[in-house]
Structure formats: C-alpha cells, structure tokens
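J.: Residue numbers (our numbering), protein chains in the order written: chain A, -15 to 97; chain B, 4 to 118.
A hint or two may mislead.
[Stated by the list, open to error] Only pairs whose alpha carbons sit at most 27 Å apart, straight line, appear in this in silico DSS-like list of lysine-lysine:
hint	chain 1	residue 1	chain 2	residue 2
1	B	LYS72	B	LYS61
2	A	LYS26	B	LYS117
3	A	LYS26	B	LYS61
4	A	LYS67	A	LYS41
5	A	LYS62	A	LYS41
6	B	LYS61	B	LYS71
7	B	LYS117	B	LYS61
8	A	LYS26	A	LYS41
9	A	LYS26	B	LYS72
10	B	LYS71	A	LYS26
11	A	LYS26	A	LYS67
12	A	LYS26	A	LYS62
[What the hints assert, rightly or not] From chain A, some residues computed to sit far from chain B (all C-beta separations above 12 Å):
hint	residue
13	GLY0
14	ARG6
15	GLN48
16	PRO54
17	GLY56
18	LYS62
19	LYS67
20	ASP70
[Said to hold, decoys possible] FRET-style restraints, in silico, Cβ to Cβ:
hint	chain 1	residue 1	chain 2	residue 2	range
21	A	GLY82	B	GLY19	35 to 43 Å
22	A	ASP47	B	GLU18	45 to 53 Å
23	B	GLU69	A	ASN12	26 to 34 Å
24	A	VAL(-4)	B	PRO43	16 to 24 Å
25	A	HIS(-6)	B	ALA20	30 to 38 Å
26	A	LEU68	B	GLY11	28 to 36 Å
27	B	SER55	A	VAL8	24 to 32 Å
28	B	LEU23	A	ILE22	23 to 31 Å
29	B	HIS13	A	ASN12	34 to 42 Å
30	A	LYS67	B	TYR42	27 to 35 Å
31	A	PRO(-14)	B	THR80	25 to 33 Å
32	B	LYS61	A	TRP81	22 to 30 Å
33	A	ASP47	B	PRO82	47 to 55 Å
34	A	GLY56	B	PRO82	39 to 47 Å
Treat the hints as calculated values from the structure; they're not laboratory data.
Even for Gly, the Cβ is constructed at its ideal location relative to N, Cα and C.
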Amino acid sequence: EPEVTQTPSHQVTQMGQEVILRCVPISNHLYFYWYRQILGQKVEFLVSFYNNEISEKSEIFDDQFSVERPDGSNFTLKIRSTKLEDSAMYFCASNGWGGHEQFFGPGTRLTVL
Amino acid sequence: AQSVTQLGSHVSVSEGALVLLRCNYSSSVPPYLFWYVQYPNQGLQLLLKYTSAATLVKGINGFEAEFKKSETSFHLTKPSAHMSDAAEYFCAVSAGSGNTGKLIFGQGTTLQVKP
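Pulled out of the complex, with its shape left as it was, chain B reads as follows (with noise of 0.2 Å):
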C-alpha cells in the first residue's frame, strides 16, 4: 500500500529564504508524486508532478522537486520565498497505473512566509 508523510505541519521561513518542505512516500510500485498547493478558501492546484522522467522537476512559481528513490523522498524546494508563497502544501503519492490511481495524500504542510 502506498503513504505519505510530510514532515512538520508548519513551516514558518522569512521572505527571500529557502523553502524546504519534506515529503517522504511509501509505495510497492514505480510512484507517481506530486506536489499540489491550496491557498485559503480554494481548491487544490498543482505544482510540479514526477512520473519517472527526470528526477529533478520543475514546476510552476519557481518551485522544484527531486525524486530521491533511495531516500524514498520527493522534497519540495524554492530558491527564495515570496509573501504569496504562503499556503498548504500537499505531497500526493498515484497508487495505480498511472490514468485510473487513486491519490494518496499526505497531512499538508502549512507554509507562513514573514516579511
């Protein structure tokens, strides 16, 4: 069975500083990961996907990711935070063959970004 554990539900970084938000997965098969952003009262939006391509991965707002297979990691990265990085951040593990996968998600992490 697959899983996800994000590590620490809030992470507090100031503007203009590293972002790191940790996202380990379980899974028996190849996985498909990806990171999906929601920001207050709004749906779920993707960020970056990994689906055994590149294990580096770009994504959208300067976001990346890389797929650590030994660490059976996918964290989440960005160079420099901005104000309007602040969100919940969700890491979602495929369970199927790809099309018809369930998502399994981890708890969310919370992103404050201080000025």
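Chain A extracted, bound-state conformation (with noise of 0.2 Å):
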C-alpha cells in the first residue's frame, strides 16, 4: 500500500541552525502539507502547496520556513535559523485529486537546543 514516508525520523540542531525536513509524498498525489504537532499539544497546519507552489500558510509559517519541490518525488520543509521554540513532530501530508483525506507520513521530530 503506499504510503508518505518522511526523513530523518528525529533531527537534533542547534538553535540558529538551518533544517531540512524531508518527505516523500505518495507518488500520483497532487496536494502536499506540512503540520506540526508540539509535544503535549495539537496538530497544527504550516502550510499547503500545490501545482508548485503555496496555496495556503498560516501564521506561524513565516519567512523562517519554505517549502520546496525539488524533483519529482520529494517535498521538503526549510527552516533557515532555528529557534527553540521550533522543536515539535513534523508531519508531511499528501492527497489526491477527488480525495477528500489526506495521509500523513510518521513524522520527524525536530529538538532545537
């Protein structure tokens, strides 16, 4: 079954430094997201992109974070200079076109010390 797989699983960085989370969406999907889930608390929208580019951002994305398609197959999550505050699980997401749910990939959890 397909399925989005994501990497690394746990990223350990120092506060100021740049991360690239990596995903892997499922192969004929259109629709890519990233979420973040801080521990103990919800599962928050960072921002969607189709079509190559953002279709949608919330508050928290902001010029820290970019998204990119690089290649046909992969969907990464830039953050240039860390904070502390940045640590939490990072979730990729994909759908399809006429497809309503969204599979989300295992995550990366991110610690910025």
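Please dock the two separately framed chains into a single complex, following the hints provided.
T.: Below is the structure:
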C-alpha cells in the first residue's frame, strides 16, 4: 500500500542552524501539506502546496520557513534559523485529486537545543 | 472560520465497554470531517471520514461516527473497547473545498483502556 515517508525520523540541531525536513508523498498525489505538533498539543497546519506553489500558509509559517518540491518525488520543509520553540513533531501529508482525506507520514521529531 | 472542539482530553474505559469520544465542529460551509488515531511515537492514521454522503460512517477497527448537523457533532463510537484501542484520537475538519483544504484539528482525546 502506498504511503508517505519522511526523513529523518529524528533531527537534533543547535539554535540558529538551518534544517531541512524531507518528505516523499504518495506518487500520484497533487496536494501536499506540512503540519506540526508541539509535545502535548494539537496538530497545527503550517502550509499547503499545489502546482509548485504555496496554496495557503498559517501565521506560524513566517519568513524562516520555506517549502520546495525540488523534483517529482520530494517535498521539503526548510527552517532557516531554528529557534527553541521550533521543537516539535513535523508531519507531511498528501492527497490526490478528488480525495478528501490526507495521508500522513510518520513524522520527523525536531529537537532544537 | 472552522474550528473543532473535543470534549474530554482523557477518556478511560474498561475493556469490552462502549467507547464514546466527542467532537463538535464549527463551519460556515458544509464540512468534511475526519477522525485520526495516533499511536505512541507514530504518525496519524485515518479512522474514518464524512464527506457529505451517509451520515453514519463506518471506519477501521470497528469504529463509527455519526454526523449530526443539528448538533454540529461528529462523535466517535465503538461498541466494545479493546486494549489495542489505547491511543490519541483527533477529530478534524477540512476548511477548504475538498482537495485543497487544510485540516483543523481538535485538541485530541487520549483513550485509556483498562483490563
């Protein structure tokens, strides 16, 4: 069964460093998303992406964040200068044309020290 | 704007007992509604979805949910709890027009199943 994959599963970084979180959505999907979940809190929407551009972004998704689909399979989230408060689980999701449910990856746990 | 409220951050039931997890939503347009389950240290798995078809929706692992427009509710039920049902459950509403809609999640409900 097709699934969304994410790498790495756990990323530890120093405050101020850049990180790139990687996702491989399901191959025939067209819509891509990033969410984050701070420990003990609810899952929050960050950004949606379609047709090689951002469809919508939340207030959390400021200038420190960017997304890219560098090739036909990967979808990345970059945080330019990490802050302590960026520590969270980051989930990638995708869905296809006509499909309403989003399929989630297993997440990347980002720890900023 | 859409929002989701899950009543009860923790629910504890005995094995074999009825599971009822409550979810109320707010939406200015006909909503798409979802229940996701998250097992410890894992991602989100779709349990079931409502997309304006049948109001009683059946999902995986014996779960079902009923969409009640008059009550703006989408409560999740399972007749008989199993130990393996212990997890975090999230109700979510789709804010957009189907494909491109971000999901807005509730706070989550931790289900504990006692032997």
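J.: So which of those numbered hints doesn't the model satisfy?
T.: Those not satisfied: there are none.
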